[in-house]
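All chains should be modelled from the sequences, with the hints used to inform the complete structure.
Top line first, the protein sequences correspond to chains A and B.
One point on numbering: in full-length UniProt numbering, the residue at position 322 of the first sequence is 322, and numbering is uninterrupted.
One point on numbering: in full-length UniProt numbering, the residue at position 125 of the second sequence is 125, and numbering is uninterrupted.
No wet-lab data here; the hints were simulated from the structure.
Wrong hints could be hidden among the right ones.
Here are the simulated lysine to any residue pairs, SDA-like style, with alpha carbons at most 20 Å apart [claimed, not checked]:
1. B/K18 to A/H184
2. B/K230 to A/A226
3. A/K13 to B/D61
4. B/K101 to A/Y207
5. A/K101 to B/D85
6. A/K13 to A/K43
7. A/K178 to B/L282
8. B/K354 to B/E110
9. A/K230 to B/K53
10. A/K101 to B/S314
11. B/K53 to A/D61
12. B/K336 to B/N273
13. B/K18 to A/D61
14. B/K53 to A/L59
15. B/K43 to A/A226
16. B/K43 to B/F58
17. B/K78 to A/K230
18. A/K18 to B/K178
19. A/K327 to A/P251
20. B/K178 to A/I153
21. A/K43 to B/K336
22. A/K53 to B/K53
23. B/K53 to A/T150
24. B/K13 to A/D61
25. B/K78 to B/I19
26. B/K101 to A/N210
27. A/K178 to B/N155
28. B/K101 to A/H184
29. A/K78 to B/I153
30. A/K101 to B/Y207
31. A/K53 to B/T150
32. A/K101 to B/L211
33. B/K178 to A/N155
34. A/K18 to B/D61
Covered stretches of chain B, as calculated for chain A (at least 3 residues, CB under 8 Å) [what the hints assert, rightly or not]:
35. 10-19
36. 30-37
37. 66-72
38. 96-108
39. 161-168
40. 180-189
Think of the CB as a built atom: it goes at the ideal place given N, C-alpha and C, for glycine as much as any other residue.
2 protein chains.
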Amino acid sequence: MSTTQTNKIEILKSATSKINEVDFGNLSFGSVFTDHLFECDFKNGEWQKPVIKPYAPFLLDPSSRVFHYGQAIFEGMKAYKDANDDVWLFRPDENYNRFNKSALRMAMPEVPEEIFMNGLNQLLQLDEAWIKKGKGNAMYIRPFMIATGTGVIANPSHDYKFMIILSPVTSYYSGDVKVLIAEHFSRAANGGIGAAKAAGNYAAQFYPTNLANQAGFQQVIWTDDATHTKLEEAGTMNVFFRINDTLFTAPVSERILDGVTRKTLIELAKSENIAVEIRPVLVSELVEAAKNGSLKEIFGAGTAAVVSPISGFSYQDVYYDLPKIEKSVAIQLKDKLTNIQNKLEEDTFGWTVKI
Amino acid sequence: MSTTQTNKIEILKSATSKINEVDFGNLSFGSVFTDHLFECDFKNGEWQKPVIKPYAPFLLDPSSRVFHYGQAIFEGMKAYKDANDDVWLFRPDENYNRFNKSALRMAMPEVPEEIFMNGLNQLLQLDEAWIKKGKGNAMYIRPFMIATGTGVIANPSHDYKFMIILSPVTSYYSGDVKVLIAEHFSRAANGGIGAAKAAGNYAAQFYPTNLANQAGFQQVIWTDDATHTKLEEAGTMNVFFRINDTLFTAPVSERILDGVTRKTLIELAKSENIAVEIRPVLVSELVEAAKNGSLKEIFGAGTAAVVSPISGFSYQDVYYDLPKIEKSVAIQLKDKLTNIQNKLEEDTFGWTVKI
Ligand SMILES: Cc1ncc(COP(=O)(O)O)c(C=O)c1O
Ligand SMILES: Cc1ncc(COP(=O)(O)O)c(C=O)c1O
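The structure is reproduced here in structure tokens:
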């Protein structure tokens with residue numbers, strides 16, 4: 001990745017570091033941030049001078065459009081440190097491209113590649129000591145953009161702020177993951193913004209997810225909102241279903257996020273000679289497969305959760321427990337993926353990019 | 001409206017007023033704010049001490065959940081000053097109740113009535129000089145709540161900020177309003193958040209609305225996302241269709257905002273002996289009525305736009321121009337409504353509430 005022109009970024013270093021206050025063995029996902037952040041404002045139709053500066057709160061007008069009309073998008077990616085202390089990104093171009101697709105759908109300006117990638121590289125270099133080695137450890141990277149223009153009128157902002165913040169993490173989910181198949185609530189509309197990583201998509205899921213949590217389920221698997229018959233994705237993960245020896249996953253659509261982990265697992269599975277079928281998966285098929293014993297595994301796939309095995313699902317008040325599996329495809333693919341990400345295995349795909 | 005216990009609100013007055021810098025004859029909707037705002041934070045499971053203070057930017061952490069997961073809701077209401085300089089709200093209980101319905105759907109805490117209503121009253125009293133008399137003039141009131149808790153993990157915030165800001169306005173739309181009937185894009189899903197005044201619902205409409213604007217239409221009329229055959233509502237207005245002498249409007253649903261203006265116009269129409277049918281209105285019916293000449297009027301209804309006559313619509317690339325009407329029901333209802341709001345006519349409904 002090019003780090004030319006990085007001299008364009010103004011760098012204001014923090015006088016002190018918070019790193020010694022952090023218990024890296026005991027991180028709660030997304031709650032600790034490094035010493036610096038990257039920021040670039042969009043004003044008068046142009047991206048302004050980018051800056052790296054100490055992580056700190058910033059001022060916003062009460063009428064900022066992000067508060068009132070929800071123009072806000074983000075990405076989630078990770079950086080990994082290998083045994084030689086080199087730092088690697090995983091398919092960053094995918095996140096960059098998806099970010100700008102989200103921007104387009106939310107009527108926000110695209111962020112130039114140079115600003116996104118140089119910002120990311122420089123910031124990671126500056127806070128490199130915060131990236132810990134070892135499988136499971138990673139630096140979670142959160143690029144995001146918000147509408148900072150003022151005025152309570154429902155039309156697109158003229159001003160925006162693009163930022164990158166960094167949070168050292170271990171893994172996202174722990175323990176048993178039981179899921180509820182959505183029968184009434186939905187996360188996305190046909191012709192809506194489900195395929196964008198738009199902030200509003202997430203808050204929309206909180207209430208139904210709370211209800212699921214109260215009923216003893218960690219996650220909801222969303223279905224299509226029109227018929228609730230097709231399995232779509234989970235809150236922050238795409239989902240795979242293994243029936244006999246074939247993996248099934250829904251095609252991406254304007255309702256479903258085009259996950260980087262999903263597409264990576266599809267390629268990895270193919271390279272491991274695991275059959276993958278990308279087609280709409282019906283709830284009725286899942287129930288049938290659970291009943292006749294052909295349903296072997298369900299797992300979620302996402303940057304934060306990596307590969308997250310699901311132990312059972314509930315539909316129409318019936319709970320279907322999945323068998324304890326000997327040779328789990330989820331674990332096989334997770335190992336393969338994390339080995340590549342952590343540079344423990346050769347990356348024959350060209351997915352890892354050194355910063 | 002009770003103003004007891006207002007002594008609980010801490011009031012920090014602005015040393016100077018910006019009022020003399022404002023050209024009240026030339027206001028752009030929602031762009032000018034009064035000297036003060038009302039603020040109340042939610043922390044540790046409790047609403048904290050409310051405060052009225054000078055309108056000013058405030059600090060937020062870059063990881064605040066409103067930026068990343070879109071937990072943000074709002075209301076839109078108006079205050080009017082009558083000939084005797086008394087200030088009146090219009091059905092404020094409706095906005096208060098809807099605000100808390102939105103809060104529930106977005107997994108945010110409900111705001112107690114005392115905080116909402118006393119805050120509103122005290123703030124309006126303090127900035128009363130900003131409320132101008134005369135039909136068309138109003139104080140637009142924007143209560144809103146955002147998630148201020150930190151951390152990039154997709155679950156509900158623990159901390160929130162509730163604010164009220166005030167913006168003197170005249171009217172929202174001006175000129176000819178032509179609308180496009182949505183054939184692909186949608187604003188809300190079945191089982192989604194369309195009925196909530198959630199920030200994310202608005203940004204979702206910007207891109208398709210931009211496309212409509214570029215094609216020469218001011219607004220989009222959304223249709224149901226599953227079939228695109230039923231007429232739902234516009235970006236910030238519910239819609240009414242007059243076919244012969246009957247008004248039709250869609251029933252509210254989990255996809256459609258339960259507009260205060262809509263329900264008020266329905267009651268006003270009934271009191272004026274205008275037939276109103278509340279039932280799903282099909283795009284095909286509208287086209288048919290336009291073709292056979294029975295479609296007399298279409299108008300939008302909302303707090304900002306009041307009653308906004310629509311001059312024609314486009315569907316499947318055919319533009320249907322509406323007839324210039326002699327005795328417009330839209331204008332009849334608008335006059336009735338604004339007369340009541342501005343206290344030019346007796347309010348036999350008990351809708352107006354003096355502050
Ligand atoms: C809604 C949704 N689906 C799926 C994913 C998984 O995508 P990725 O693998 O790119 O992280 C995410 C998280 O990024 C998400 O937010
Ligand atoms: C989506 C939507 N529909 C309808 C309306 C009209 O509602 P009300 O009459 O309560 O202002 C609004 C504006 O408030 C709105 O945002």
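Status of each hint after checking the structure:
1. For a cut-off of 20 Å, the pair hint linking B/K18 to A/H184 is broken: about 50 Å separates their Cα positions.
2. Proposed proximity of B/K230 and A/A226 is supported: the alpha carbons are some 14 Å apart, at most 20 Å.
3. Straight-line distance between C-alpha atoms of A/K13 and B/D61 comes to about 18 Å, which keeps the hinted pair within the 20 Å bound.
4. Pair hint B/K101 plus A/Y207 holds up; C-alpha atoms about 12 Å apart against a cutoff of 20 Å.
5. Between A/K101 and B/D85 the CA atoms are separated by roughly 51 Å; this puts the pair beyond 20 Å, and the hint is violated.
6. For the suggested pair A/K13 and A/K43, the alpha carbons sit about 25 Å apart, so the restraint of at most 20 Å is broken.
7. About 41 Å separates the Cα atoms of A/K178 and B/L282, which puts this hinted pair outside 20 Å; it is violated.
8. The suggested pairing of B/K354 with B/E110 is violated, with an alpha-carbon distance near 24 Å, which exceeds 20 Å.
9. Of the supplied pair hints, the one linking A/K230 and B/K53 is violated, its CA atoms being roughly 51 Å apart against a limit of 20 Å.
10. For the hint pairing A/K101 with B/S314, the CA-to-CA distance comes to about 28 Å; that exceeds 20 Å, so the pair is violated.
11. The hinted pair formed by B/K53 and A/D61 meets the criterion: a straight-line CA distance of about 14 Å does not exceed 20 Å.
12. Proximity of B/K336 to B/N273 is assessed by CA-CA distance (about 13 Å); at most 20 Å being required, the pair is judged to hold.
13. Distance check on the hinted pair: B/K18 and A/D61 sit about 16 Å apart at the alpha-carbon level, within 20 Å; holds.
14. Distance restraint check for B/K53 and A/L59: the Cα-Cα separation of roughly 16 Å lies within the 20 Å cut-off, and the hinted pair is therefore satisfied.
15. Proposed proximity of B/K43 and A/A226 is contradicted: the alpha carbons are some 38 Å apart, above 20 Å.
16. Distance restraint check for B/K43 and B/F58: the Cα-Cα separation of roughly 17 Å lies within the 20 Å cut-off, and the hinted pair is therefore satisfied.
17. About 44 Å separates the Cα atoms of B/K78 and A/K230, which puts this hinted pair outside 20 Å; it is violated.
18. At roughly 57 Å between alpha-carbon atoms, A/K18 and B/K178 are farther apart than 20 Å, so this suggested pair is violated.
19. Proposed proximity of A/K327 and A/P251 is contradicted: the alpha carbons are some 26 Å apart, above 20 Å.
20. Our distance criterion of 20 Å between C-alpha atoms is met by B/K178 and A/I153, whose separation comes to about 19 Å.
21. Restraint check for A/K43 and B/K336: the C-alpha separation of about 43 Å exceeds 20 Å, so the hint is violated.
22. Note on A/K53 and B/K53: the hinted pairing is violated, with a Cα-Cα distance of about 30 Å set against a maximum of 20 Å.
23. Proposed proximity of B/K53 and A/T150 is supported: the alpha carbons are some 19 Å apart, at most 20 Å.
24. Taken as a hint, the B/K13 and A/D61 pair is honoured in the structure, with Cα atoms around 18 Å apart against an allowance of 20 Å.
25. As the CA atoms of B/K78 and B/I19 are separated by approximately 19 Å, the hinted pair is consistent with the 20 Å bound.
26. Proposed proximity of B/K101 and A/N210 is supported: the alpha carbons are some 16 Å apart, at most 20 Å.
27. For the hint linking A/K178 to B/N155, the alpha-carbon distance of about 17 Å falls within 20 Å, and the restraint holds.
28. The suggested pairing of B/K101 with A/H184 holds, with an alpha-carbon distance near 18 Å, which does not exceed 20 Å.
29. For the suggested pair A/K78 and B/I153, the alpha carbons sit about 14 Å apart, so the restraint of at most 20 Å is met.
30. About 12 Å separates the Cα atoms of A/K101 and B/Y207, which keeps this hinted pair within 20 Å; it holds.
31. A threshold of 20 Å between alpha carbons decides the hint, and for A/K53 with B/T150 the separation of about 19 Å falls inside it, so the pair holds.
32. For the hint linking A/K101 to B/L211, the alpha-carbon distance of about 16 Å falls within 20 Å, and the restraint holds.
33. Only pairs whose Cα atoms come within 20 Å are accepted, and B/K178 paired with A/N155 is accepted, the gap being roughly 17 Å.
34. Under the criterion of a C-alpha separation no larger than 20 Å, the hint pairing A/K18 with B/D61 is consistent with the structure, at around 16 Å.
35. By the rule of at least three residues with a Cβ nearer than 8 Å to a Cβ of chain A, the coverage given for the segment 10-19 of chain B is violated, with 0 such residues.
36. Against chain A, the segment 30-37 of chain B contributes 4 residues with a C-beta closer than 8 Å to a partner C-beta. That satisfies the three-residue criterion, and the hint holds.
37. Using a Cβ-Cβ cut-off of 8 Å, 7 residues of the segment 66-72 of chain B lie near chain A, which meets the minimum of three, so the contact claim holds.
38. For the segment 96-108 of chain B, the stated coverage by chain A holds: 4 residues have a C-beta nearer than 8 Å to a C-beta of that chain, and at least 3 were required.
39. With 3 residues having a beta carbon nearer than 8 Å to a beta carbon of chain A, the segment 161-168 of chain B meets the requirement of three or more and the stated coverage holds.
40. Figure legend: the segment 180-189 of chain B, annotated as covered by chain A; annotation consistent (7 residues with Cβ-Cβ distances under 8 Å, at least 3 required).
When each numbered hint is compared with the structure, violations occur for hints 1, 5, 6, 7, 8, 9, 10, 15, 17, 18, 19, 21, 22 and 35.
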